[in-house]
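Visitor: Here is what each chain is made of, one letter per residue.
2 protein chains.
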Amino acid sequence: MQFHHHGYVSGEPRVQNAAGTGIDRPADLPDEMDVLVVGSGPAGMLLAAQLSQFPDVTTRVIERRDGRLVLGQADGIQPRSVETFQAFGFAERIVSEAYNIAYMNFWGPDPENPGSIVRTARTEDYALKISEFPHLIVNQARVLDYFAEAALNGPGRIAPDYGVEFVGLTVHEAGEFPVEVRVRHTAGERADTERTVRAKYVVGCDGARSGVREAIGRKHLGGISAHAWGVMDVLVNTDFPDWRTKCAINAEAGNILHIPREGGYLSRMYIDLGEVPENDDHRVRQTPIDEIIRKANEILHPYSLDVKQVAWHSVYEVGHRVTDRFDDGDEGREPHVFLTGDACHTHSAKAGQGMNVSMQDGFNLGWKLGHVLTGLSPASLLTTYSAERQPVAQQLIDFDREWSSLMARKPEEITDPTELATFYLGTAEFPSGFMTQYAPSMIVTDAAHQAAASGFPLGKRFKSAEVVRVCDGNAVHLGHHAKADGRWRIYAFADAPVAGEASALSEWAAFLASPASPIVRHTPEGADADAVFDVKVVYQQGYDDVDIARVPEVFLPKTGPLGLTDWEKVFAAAPNAWTTTDIFDERGLSRDGVVVVVRPDQYVAAVLPLEATDELAAFFEAAMLPAR
Amino acid sequence: MQFHHHGYVSGEPRVQNAAGTGIDRPADLPDEMDVLVVGSGPAGMLLAAQLSQFPDVTTRVIERRDGRLVLGQADGIQPRSVETFQAFGFAERIVSEAYNIAYMNFWGPDPENPGSIVRTARTEDYALKISEFPHLIVNQARVLDYFAEAALNGPGRIAPDYGVEFVGLTVHEAGEFPVEVRVRHTAGERADTERTVRAKYVVGCDGARSGVREAIGRKHLGGISAHAWGVMDVLVNTDFPDWRTKCAINAEAGNILHIPREGGYLSRMYIDLGEVPENDDHRVRQTPIDEIIRKANEILHPYSLDVKQVAWHSVYEVGHRVTDRFDDGDEGREPHVFLTGDACHTHSAKAGQGMNVSMQDGFNLGWKLGHVLTGLSPASLLTTYSAERQPVAQQLIDFDREWSSLMARKPEEITDPTELATFYLGTAEFPSGFMTQYAPSMIVTDAAHQAAASGFPLGKRFKSAEVVRVCDGNAVHLGHHAKADGRWRIYAFADAPVAGEASALSEWAAFLASPASPIVRHTPEGADADAVFDVKVVYQQGYDDVDIARVPEVFLPKTGPLGLTDWEKVFAAAPNAWTTTDIFDERGLSRDGVVVVVRPDQYVAAVLPLEATDELAAFFEAAMLPAR
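In order, the protein sequences belong to chains A and B.
The working numbering applies: residue 535 is where the first sequence begins, and numbers increase by one.
The working numbering applies: residue 535 is where the second sequence begins, and numbers increase by one.
Isolated chain A, as found in the complex (with noise of 0.2 Å):
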């Protein structure tokens, strides 16, 4: 965590100094605004904390609910979206109060006693190979706490206007703000009126009945099943043994999910309530918890519940519906009002999918409107949105529909016991939220250098590695750095010369210096020179043979009001006390040197030689407007 180089901090210093329209923000919901964000769930409220990294864009979160959300909801958060979390500020803390998945059980009919269940195999959890960070259980409330305070201490100070509801849009071919939108204040004083206000982008983030998907026009294409599920969180005792422990259960009488939550006692239960009739209407929404219960105790027989405390519960039909484009845009005229989470993927809970993909979706979106919003780059940076999420829903949808479909098998059905445990293992990349790549676009090169780091594929995101801090010989994450303020990351993999020596690096180096560099062309004037691009060098050496006196400036860049030196964009690969990891080892880098160019969403967008500094610069004057 760097500061002080605004000059020192005596408190919370991840409390940001307000800027922009974070200095005088106004507690009411303006006439006029950037970027109005319909709903604060996991997406609206990942974009209010990128959002309040662009403090010159005036940005504002309305919800119909008069307060923070309470109960309830999505839980399941996978290994990217703590990768996530680390890069807003709080993966420590909400690990430290999550429920950590180790292993994931699964019973079926005991064959001596069908009637009864049993143990059939247990799997390690897939977090323990595939990522530094673990796969929690933790409730959508606290994830949307955390981003809320992310959102309210950077420098845009960004707060939901909660008890704001939305209630319609007209998207106006011109003018400053487009986009004409009606509300209506649904608590407090002015409760029951309704106002238009204007945006100049709109982005829905209200759940699977979006008023904003349907106010565009845009179709949710697929069904709703004949299968439905109860789900409840309930602090229990039991003799059921697995209680804290993941669980698929097939049992003759029904399936259960069956999932821990944080804080040692609660757990989730997913319980199958079986084929819906076709003429049932959704009564079977109306399934008392009692009948619930009742189901649960059935399936876990010979166990049971002795329910103490029903937290929350529910009733739903599993549908798998996928919007066919995620914004307002079409062939001649870009997008101003795009839709993210369940308003354009609804699926079933019981992959523990939706609350991670919508985050992405904010993810994605939220650095481009900055930026746009900027002037770092050209409106048409928005269409990448729709073009790179869809695909990614429509994934979502087809892995949900075989997860969902093998959970509500019955026994009979089921050859293998050890089948589910094979799945649930095969595809961890997709549950861990790694499978995502982005096809070549302007945000994204094709692939021809992409052997020089092979073990950073091109459009999926950043994989960090440990490399050692050349100023204190402490082992870090690279990746961990790249924090989710909005800015470009610039990667130098050094070739094998040490620092000061002639070589590809300092011809590099060099480069990024000169008039030609699109550090220069592509920052504003009078920014920090780390204001838009932060570029970090890692030599080969050891971080005791790489002199630092010796590093080209361009790495050791002086910023901030006292123009200081930052001193932590220097690295060393040679494993040191402090870790055995050699990053061009592991992640497969060219001996000769690589750059690796990393969006601000961690996604890698480039990979090039050193000598490719046409290449970079022409890659930046695609993606970006030049500054000056």
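Everything labelled a hint here was simulated from the structure, so no lab data went into it.
Warning: the hint list may mix true and false statements.
If several chains are the same, the list does not tell them apart, and a pair holds so long as it fits within one copy or across any two.
[What the hints assert, rightly or not] Heads up, simulated DSS-like pairs for lysine-lysine below, C-alpha to C-alpha not over 27 Å straight-line:
no.: 1; residue 1: Lys-663; residue 2: Lys-1017
no.: 2; residue 1: Lys-1070; residue 2: Lys-829
no.: 3; residue 1: Lys-1017; residue 2: Lys-1070
no.: 4; residue 1: Lys-1017; residue 2: Lys-829
Chain A is already provided as a structure; the job is to place chain B on it using the hints.
Guide: Chain B only, in chain A's frame:
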């Protein structure tokens, strides 16, 4: 982190329910109180956080300053302190904002050009091998912030009374509140008015010029040396390559101890100002900051500092003093007034010990006050405070005197340039905070059975190791479950039979449930079974070979208003996919089983065979009072 067992918690789980005096805590200092803490430094604020866990005790903390500490003072955090922070629930947060010491470098005169300094040695910091916790640098102000948060979030809802100064005290021979204390308001409407309050116990955490020490007539023995040091927290630009590494610099021009600080830019320098003439009369303390900076530049030659901002500076003369006894008691009389921290031990700042030892003073005293005041233990328990902590302070003074004089040597006095490094590393256990070993007393048994748990030395702090939690298969640090909640810990390490088989463990468990059990004897009627004693079991098998349904009930107590099973007291020693540690091997535990009793301040109190139930009962009979 365990919560929800009093019903579902929607918000921040670190905020416990208010209880007892915390429910309606008066904003104003009352006339009578159980404990009055004088001073809100590290010892005082740790006491506040600890006593907040005893909400039936009225605790007030007075502080002359009118608000939180903003600047300066201590910053070295040894691993033992981070371990303590873990118990108070904020280690992960303070670690993420602190400077982590990976190396200490040593600089001396260049043999070929003695007016210039060169790096003579690099040493890995001692924290590398000695603990699972790091060695940190972070401002005392932040440490106090975190303790203040823990004090406020605890059931006692304790917040300091700022703007109230200690004037004097009188200890009366009798009465419910025998200590009469005169205080003066230093801020607000009542500024400069005096009043008298009464307390059962007073703790002087009021620094080197302690008024409480003076009031009870204790003597601070030792003297001020004739050596002066300037200290400054500065933001600079410099060509000194180790600006971000801890260094000891022994130049011909003098000595510097250089300590990088949190945030990536700020460092602290202790600069040798040389011998102080006998007739100086503390005039050296008036040394201007420009002179300190000039001297630093002279020592650093050929490198130089361009100081951009001085966040804080001071000048002091090295003093080594320790008070003969840390309370007002004597042979015939139990103590009512205690001294902690600088009030009873002062020394140089350069070994980074002061804040750490002060906090351990508070940790030692806090639970004892809590237990005596809630009737769990006899008042004689309080005599162990001075008996245990005074020798620690003496050790500290001796260590610091040696380290300070090594640091203050002239280059010509140094025969072996690596000597300082060797001393630093060779004594690692001391500055890490792990060498403290309390002598046998009413709360530490003799070493008769030490061989059954050689890795848990009696009187030393319980050194954690990883085990596997049976209920969910997670690898966790056994010691990290021991929160600073004022409870005793009893760890039963099982003999070889599996759970449910007849064994020494099962007989021990039966004893614990019997009327002769110390748990039964010393837990108040109506309190949770684990309200005073937190009993945990560690089986020798792997977690999947422990059938939790067959574990004795005493290890699965039902607690809280809902009577929910606590699943998190049963552990397995054999490694699984998530850990390679077997605690029996790692800590030299007898495979015949052994019981380890750990005090609320994390020190090992007793090591006993499973069969020694009478000894276990006798130990607690001496340390505690019968509860029913």
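Visitor: Evaluate each hint against the coordinates.
Guide: Here is how each hint holds up against the structure:
Taking CA atoms no more than 27 Å apart as the test, Lys-663 paired with Lys-1017 passes inside one copy only; the shortest distance there is 24 Å, against 30 Å between copies. Within a single copy, Lys-1070 and Lys-829 get their C-alpha atoms no closer than 57 Å, and across copies no closer than 34 Å, so neither meets the 27 Å cut-off. In the homo-oligomer, the alpha carbons of Lys-1017 and Lys-1070 lie at most 27 Å apart inside one protomer (14 Å), although the nearest pairing across protomers, at 40 Å, exceeds that limit. In this assembly of identical chains, Lys-1017 and Lys-829 lie within 27 Å of each other by CA distance neither inside one copy nor across copies; the values are 46 Å within and 39 Å between.
Hints 2, 4, counting from the list given before, are not met by this structure.
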